[in-house]
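Visitor: Dock chain B against chain A, hints included.
There are 2 protein chains.
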Amino acid sequence: MALVKYDLNVPHRLLLGPGPSAVHPRVLRSMSTELIGYLDPEWLSLMDEEQELLRAVFQTKNEMTYPMSGTGGAGMETAFSNFVEPGDTVVVGCNGFFSERMCEMAKIYGANVKRIEKPWGGIFTPAEIEEVLVENKPVKILALVHAETSTGALQPLEGIADVVHRNGALFLIDCVTSLGGIPLNIDASDIDVAYSASQKCLGCPPGLSPFTAGDRAREILRKRKTRVANWYLDLTLLEKYWNKERVYHHTPSTTLHYGFREGLRIVLEEGLENRWSRHQANAEYLWDKMETLGLKLLVKRENRVPSLNTVCIPDGVDDMAVRTSLRETYNIEIAGGFGPLKGKIWRVGLMGFSSQRENVTLFSEAMREILRK
Amino acid sequence: MALVKYDLNVPHRLLLGPGPSAVHPRVLRSMSTELIGYLDPEWLSLMDEEQELLRAVFQTKNEMTYPMSGTGGAGMETAFSNFVEPGDTVVVGCNGFFSERMCEMAKIYGANVKRIEKPWGGIFTPAEIEEVLVENKPVKILALVHAETSTGALQPLEGIADVVHRNGALFLIDCVTSLGGIPLNIDASDIDVAYSASQKCLGCPPGLSPFTAGDRAREILRKRKTRVANWYLDLTLLEKYWNKERVYHHTPSTTLHYGFREGLRIVLEEGLENRWSRHQANAEYLWDKMETLGLKLLVKRENRVPSLNTVCIPDGVDDMAVRTSLRETYNIEIAGGFGPLKGKIWRVGLMGFSSQRENVTLFSEAMREILRK
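Line order of the protein sequences matches chains A and B.
Quick note: the first sequence uses my numbering, first residue 1, plus one each step.
Quick note: the second sequence uses my numbering, first residue 1, plus one each step.
Chain A with its partners taken away, still in its complex shape:
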């Protein structure tokens, strides 16, 4: 078979898209490590360490803090499959692609979904949220996307937990594009359920979804009347493997966990505050650079996601031609928009190890050369 002859030969790309972002060489090297068994005492210690590191990154004391075996989509499905029962009311702040996906998943698990609508790129105030919670009482979950990857808009979290808990709901957030790059403190913001992804600001390969759930959410899980309608992501089964019982559920991806542990160490070595500042500073540098090229940003300055920057495509410029030129001539990957923003924006990720000043310098100069042609 001809294919057997071809060695893996992957081009070098500067990854400035919506993820995967560049992976730190230490993380890449760690994944060449030999495997051990999923009940080996040395492996069980690694699991404990990984959880401790992950709690520090999430800034939570939540016991139920696991890297789920899947990407962010699996993290989202973990949230909705475990905490929704048929007939529950779920309120979703709809302002981009990933909140639409939240609605879809909540429906799969039988939720009565109530949408709060904003145009793509909009954000919600606590007062707007409270109004919908009061109207639809009792609400089981209020779900928001913290940093919307499809629009580059950042949802402020201040004051939301109060209105959510006052109305008896759980506060659920998607922090796929924020965790490790943008200020986020699960316990201080009193968030009940959150999930993220390994391949964004944490700088690891895709394949794991960091997940955390607090006591309020666990109580809801314990009191379910029906069984969780998903086997692979069932937290009531998974907690038996992650807690002291160590009951086998599925074989974790040893290699991805090696890499994830190393990635979390790198995050904490740098320090969360330093890391957030770095992401912010490189984003601001990008915004300035784009403005000097005459390019506008989609989102107003105070609501921008520094890890995912949305640049408006000027009239008469061919979206795909620019991206192809970036890739083929400069080996740089960025992404286009989708849904209502298709053809209207470029999405420039500055996440994790990809968020470096020199990457912005290179990208901006490449854009200058391409656009002046």
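These are computed hints drawn from the structure, not numbers from a lab.
Certain hints may be false.
In this list, chains with the same sequence are indistinguishable; a pair is considered to hold if it fits within one copy or across any two.
[Stated by the list, open to error] The calculated lysine-lysine pairs, modelled on DSS-like cross-linking and capped at a C-alpha distance of 27 Å, are:
| # | residue 1 | residue 2 |
| --- | --- | --- |
| 1 | Lys344 | Lys5 |
| 2 | Lys300 | Lys107 |
| 3 | Lys140 | Lys107 |
| 4 | Lys5 | Lys61 |
| 5 | Lys137 | Lys296 |
| 6 | Lys223 | Lys107 |
| 7 | Lys342 | Lys289 |
Guide: Leaving out everything else, chain B in the frame of chain A:
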């Protein structure tokens, strides 16, 4: 944080358990490769190559042949969530742990489950299967485990497709512990749906589940009356990413796919027939060695799974003490039994790169030393 200081320091273990098995150094090295984006043309070519390699290993022409983003459990859930609709009758051959799990999953997706029962370690004849299919007509799926990891019994596949198709059902098999180690030809055996796992006889790390479905099954999928009640594993969404449309569903685990592609190449370089012979020869060598130690095998010779050998624990021998000694003194991992076989058997995996003559020599001598103490 103290943990930040500790480098990953994993002991070397000879992995002779139920998986993960030892990973070939070429596969380990491939996973240190830099990442590229999930819509990069180079990545899309890699996906095509991976599918072509996987079809060759499954011995199928099925277009719907993907490595699913999860372990074998996710593969099993892919099968039941996509091909079962509420109220469908599913017949499961129940003879071990993983067929029990099949029943559990089929029920989650609303199936009316009919069990054909055998004691753990038993196997089924086509006549026994036909009887139950006829009794319960119409049956949507007949599901069997090819190589049962909990018992070491091999289910012969000859003659089963005929009775299944004659009765209008789909033939579904779990080949988690057989693919790449034991003779299996999806198209020749006329199997409609099959799933496996990367970390067994294919010698890759855990995290991917090779999956294949033929035309009969795809037709059933196309004609579903209800949507697939699982988002992450929904084949109707995934096929849009794997086919020419390339519509984003979730970000694949770049690193695991690099490793998996390399692992599949190694399988095909060796050749399937050679690989099956190697697994058989090393298993037979193990059986002889165990007999010279006075140890009996659980399953009779003609029905043994060569990749997963179940050795009866002699009266008076302490299961856990032997396994601890193997691990602590010899760095060898094997596994115990579970369910009705807990404390009664050891499970010795000879899978993929772990299936080497010298590993059997070492393991057998270590056992001799431990047991004569």
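Visitor: Indicate, hint by hint, whether the structure satisfies it.
Guide: Going down the list of hints, with the structure as the test:
1. Lys344 x Lys5: neither (42 Å within a copy, 46 Å between copies)
2. Lys300 x Lys107: neither (32 Å within a copy, 50 Å between copies)
3. Lys140 x Lys107: both (13 Å within a copy, 26 Å between copies)
4. Lys5 x Lys61: For Lys5 and Lys61, only the inter-copy Cα distance (21 Å) is at most 27 Å; the intra-copy one is 50 Å.
5. Lys137 x Lys296: neither (41 Å within a copy, 64 Å between copies)
6. Lys223 x Lys107: both (20 Å within a copy, 21 Å between copies)
7. Lys342 x Lys289: Classified as within; 23 Å inside a copy, 65 Å across copies.
In summary, the structure is inconsistent with hints 1, 2 and 5 from the numbered list given earlier, while agreeing with the others.
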